[in-house]
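> The task is to assemble the complex, starting from two chains supplied on their own in separate frames and drawing on the hints.
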Amino acid sequence: MQNLKDYAASSRWNNFSHLYVERGADEYSLTRRIRDRFSKARVVEIDDYKAVFARPRQRFQAQKETMKLILAVKKDRFLYEGSGNSQNFNLEDFYYNTLMFNCVYNCDYCYLQGMYPSANIVVFVNLEDYFKATRRAIRERSNPSQPFYLCISYDTDLLAFESVVPYCRAWIEFAREEPDLLVEIRTKSAAYRAIGDLSPSERVILAWTLSPEPVAARFEHGTAPLNQRLDAARSAIDDGWPVRLCFDPVLAVPSWESVYGDLVEEVVRRIEPAAVRDVTVGVFRLSKIHYQRMRRLRRDTPLLYDEYVQEGTTVTYTAERREEMTAFMRQRLGDHFEEERIVTWT
Amino acid sequence: MPILLAIALHAEARPVIERFRLKQDASFDLPVFRRDEVWLTVTGTGRMKSAIATTCLVTRIERDERTVIFNLGVAGHTQKAEEGPVKVGDRFLANKITEQSTGRSFYPDLLARTPLAESAVTTVERPLDRADAGAVEPGLADMEAAGFFQAAATFLPPHRIGCVKVVSDHLETRRFDKDWISELIAGSLDDFEAAIAAYRTISDGEPDALTDADVRVVEDIRDRLRLTASRHRMLSDLVRSYKLHTGSDLPDLTRISQVSVKTKQEGDAEFERLRGILSVE
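Heads up: the protein sequence lines correspond to chains A and B, in order.
Under my numbering, think of the first position of the first sequence as 1, with each following residue one higher.
Under my numbering, think of the first position of the second sequence as 1001, with each following residue one higher.
Quick caveat, the hints were computed from the structure, so don't treat them as lab data.
Where hints are given, some of them may not hold.
In the EDC-like style, the derived pairs of lysine to aspartate or glutamate whose C-alpha atoms are separated by at most 20 angstroms in a straight line are [unchecked claim]:
| # | chain 1 | residue 1 | chain 2 | residue 2 |
| --- | --- | --- | --- | --- |
| 1 | A | Lys40 | B | Glu1099 |
| 2 | A | Lys75 | A | Glu27 |
| 3 | A | Lys50 | B | Glu1082 |
Calculated from the model, a selection of chain A residues having no Cβ within reach of chain B, i.e. all distances over 10 angstroms [claimed, not checked]:
| # | residue |
| --- | --- |
| 4 | Ala51 |
| 5 | Phe60 |
| 6 | Ala62 |
| 7 | Gln63 |
| 8 | Thr66 |
| 9 | Tyr80 |
| 10 | Asn126 |
| 11 | Arg193 |
| 12 | Pro200 |
| 13 | Asp238 |
| 14 | Glu338 |
If you want the footprint, here are the derived chain B segments under chain A, 3+ residues with CB under 8 angstroms [said to hold, decoys possible]:
| # | region |
| --- | --- |
| 15 | 1038–1048 |
| 16 | 1112–1124 |
| 17 | 1152–1160 |
| 18 | 1240–1252 |
Computed from a predicted structure; not experimentally measured.
Cβ atoms here follow ideal geometry from the backbone N, Cα and C, with glycine treated the same way.
Next comes chain B alone, as it looks inside the complex (with noise of 0.2 angstroms):
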């Protein structure tokens, strides 16, 4: 159930990497950082170096059916400081993502019900002014969450994408401390956990009827029977419609995993007689 973790600068990283004790991967070309199923990019800022980075990383994983993927990043607010609810160090879940550049908008989906506020992200080209602001829907502005987002929407389903924003100003054009950065990020890792936790918690729906050791027993049989792609796919099925229509584990099918056929009438002879034993008629 790996947990992929997409981060632009070493400075929101870091608390991060702290937290989850993970250590550099050096086999991969950009920084990665990682420790048991936890994966973490440095992508650099900006939404091409956060779409690059992040496909590196998917691709690069061997993904399953539970694996997450989030971006954690500070982003600027539109509202204006002391005029709202909305203060520096409130962290959101983005529920829509807008490519400011092509107008496109994404949608994550938001299935898991996570601690965490939720708030339209507009990403921007270049660090948004004040004098801008209403150039933008009304929420958070950040660089990379649209590149994020496509990049991962290529391989995962949108209910396994999470992007969380940490509100670090509202528009106001000034230098960023580094260690202020990590404190704002290291002050929101409680709810980004739980908000990955719950995103875990997320099943693709009822799982196949088909176990692992079902598996495991027909592609036995296929290699023993030599079975073409479609009779595999067809005993697949029988054990399935078997299974869900007794309400039984497999009869035992050891005598048949044991035979090793020798031509392909061997194989269709002992494929029918499969057929026979796992009939539900």
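Bound conformation, chain A alone (with noise of 0.2 angstroms):
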């Protein structure tokens, strides 16, 4: 076996050296745009993306190293009612939908790697048969007196990945011709300029995902610094567009007021608070499968083996725990902000 041996170690492919496209996927302006941005990419054809993307024993992490881009047509099921674990705003119509399975990002606490079996990203290309759901489900809204509240970049993040796929200007100029549509589009990228062409609109909201530094060089692998959030935050808001801050999740990590704090004191120093749109908060938390599976896939991390509680079908910390961080990040933020603009999940 000494062979084998004298060989170098080859390297893994890059990320997207193989696009995976369903058969009835070709035809959409969607795919021929991916398949020239990475034309030197192989190129499988397949009948369904579940054949590649549901695998039996996959290795999610060990994917995340090289993803590979499933490019597919969306059959059924556009859009999903928000989830208990997300703040609605009080907006009764609160749906969220999939255009894409996955993100480009790896953060050690995302709940992706819980629900699928594969990191690889899955693209469906059908974009105008989301909007003709979306439309039937303005229409058919059960409080008219509401916006239809849609959050498009909730399991991925559409943001990150706009100069490969441009969904977020797709969906900005839809959300211009339905003037019931509110839009959230949540990042934790600085790819603002990728969008900053655009005129703001008041039916789409922008919204960073803010952590501490030294947490998002942590447990956010790949996402952008916090300067550089904060930068593109501040460009959106220069520009007219409703910005949305969000902390979340505040993590309980070692020292967690004084990083928690700091990352307030941050955030108002680059930011001026009275052009935020609105803030939110909410703790730690996931569903208990997700959260399980989660565990058994990863050993690597300490976010998983931290003490929480079990509550219902939702794992987080403590009540108290939870409290205490909730209340001081409301202080914190209260400091600034109105009461009525700190959007809490508790």
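Next comes the structure, spelled out in structure tokens:
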């Protein structure tokens, strides 16, 4: 077996070395655009995205280092009701959609690891079907006095991927045609310039998730550093966009009070609080099923081995700690933002 | 780190056996050759035989998380001779394996970068004629890959399963000389070895914070304190949590690992003591 040892360790493939293209997806313009963008990628034709995405025994973290792109046509379920683990801002018709499965980032606390069998990215290319379903849902919403609230970057980070798939641009243009729609695009990227040429819309909230720099560096792999996220958010505000700042998840890292206190100070130093639409606060929480799967898969991150309790189907900090952390954040943020602009998950 | 090889014909297997200096292992019911960490089975022709022999090999070997398995063999190519870039002797790694009889396709997970070009492979029931080339996806046609892959994927993750095919013909019907087949395979072995080496570099993710030594300590304590399976799991997690939060090695647990308890109550008391030592709050 000496020969094998003589070979230098080969590297992995780069991200998106391979495109898996569902048979029906080829006719869509998004597919053509992505194929052009990755013209050197090896293309494999597939019948159904699930045959690749849902293979048994895949290793999520191994795939994260060499993600493939799967281009597919979504056949149904273009909208999902918002989860109880998210804030609904008192909007009764709160929905999210899944334009993509997975995310280019790799946060240690991300529930996608416990939700999907694969880390490969599925891009659904039939945008018009999503628009059609959304138009119908807006018309049929339960409370016509409120907008139909739709989070389009809920299970992913669309803005981070905008240069590859211009979903955000498409949805911003779509929102301009729909007066009763309110879209949230949440990101940990600094890629605002990808949509910076668009005129702002009151119907689209650009939301930045903000974490203390040590937390971002340790647990939010691949994301933009805090200062770049703040620069991006400030540019969006300057251009007239409604901007939301999300302190979520707040993690009980060592000296969390000082770490998160510093974060709030840094944020208000860089961004004028009065110019921010609202802020959200939520402590670490996961569905029990995702948490259990993640613990089986990840034995390398302290985040999944903290002292948590199970409340109903949610795994989170103890009530006492939750209240302490939320109260701390409310108090610190309350020095700069009115009470009604601070929305918390507890 | 076992390397498992499933090869249909003796003529295909011979150069591999010579290259790795494998010796027959008579303890198997099927032809199996081995040396150190390399195991090779000669499966016979056809997807069913390939699946059976692959299953037999995989289930008999003590696998670990770096075990890889490969199918290697010759295959026809749908491109006409001289009408495209593919030549006899070219080798490919399968990126899609279609079972013609069922229409189902399977996809090895291509995480490792190898020197091999890639191709779709269609597994057919009997040798394909040139006239029927249009009945399969452009690429390679063989008789084993689909059986091999389905059997291997029952036990191993898809990024540890590779299927390498060497072009023997362009679907012209003819009989192959065994020595010539051996020569074709022998010519592919440098690339084949490089592919195996590349697959073996891929880990399943970040390693467990618990080292083998930690596992031994935990198992020793489990035995001494007569811990239940659930307590054993809790202890493993406590140790993992301690190491991940403190970034340190385990504290000295000699005193506890030397205790032997007689009753469940004594075991519970010791476990609580242990929990205190490993608490990171």
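> Look at each hint and say if it fits the structure.
Tested hints:
1. Lys40(A) / Glu1099(B): violated (28 angstroms)
2. Lys75(A) / Glu27(A): holds (15 angstroms)
3. Lys50(A) / Glu1082(B): Roughly 37 angstroms separates the two Cα atoms, so the pair is violated.
4. Ala51: Not fine: 6 angstroms to the nearest Cβ puts Ala51(A) too close to chain B.
5. Phe60: violated (7 angstroms)
6. Ala62: violated (5 angstroms)
7. Gln63: Non-interface label fails for Gln63(A): nearest chain B Cβ at 7 angstroms, not farther than 10 angstroms.
8. Thr66: Contrary to the label, Thr66(A) does not stay out of reach of chain B, its closest Cβ about 5 angstroms off (not over 10 angstroms).
9. Tyr80: Nearest chain B Cβ is 27 angstroms from Tyr80(A), so the label holds.
10. Asn126: holds (22 angstroms)
11. Arg193: Fine: 32 angstroms to the nearest Cβ keeps Arg193(A) off the interface.
12. Pro200: holds (41 angstroms)
13. Asp238: Asp238(A) clear of chain B: closest Cβ-Cβ about 40 angstroms, beyond 10 angstroms.
14. Glu338: holds (36 angstroms)
15. 1038–1048: Violated: only 1 residues of the region 1038–1048 of chain B have a Cβ under 8 angstroms from chain A.
16. 1112–1124: Per the Cβ count (5), the hint holds.
17. 1152–1160: holds (count 5)
18. 1240–1252: holds (count 4)
Checked against the numbered hints above, the structure breaks hints 1, 3, 4, 5, 6, 7, 8, 15 and satisfies the rest.
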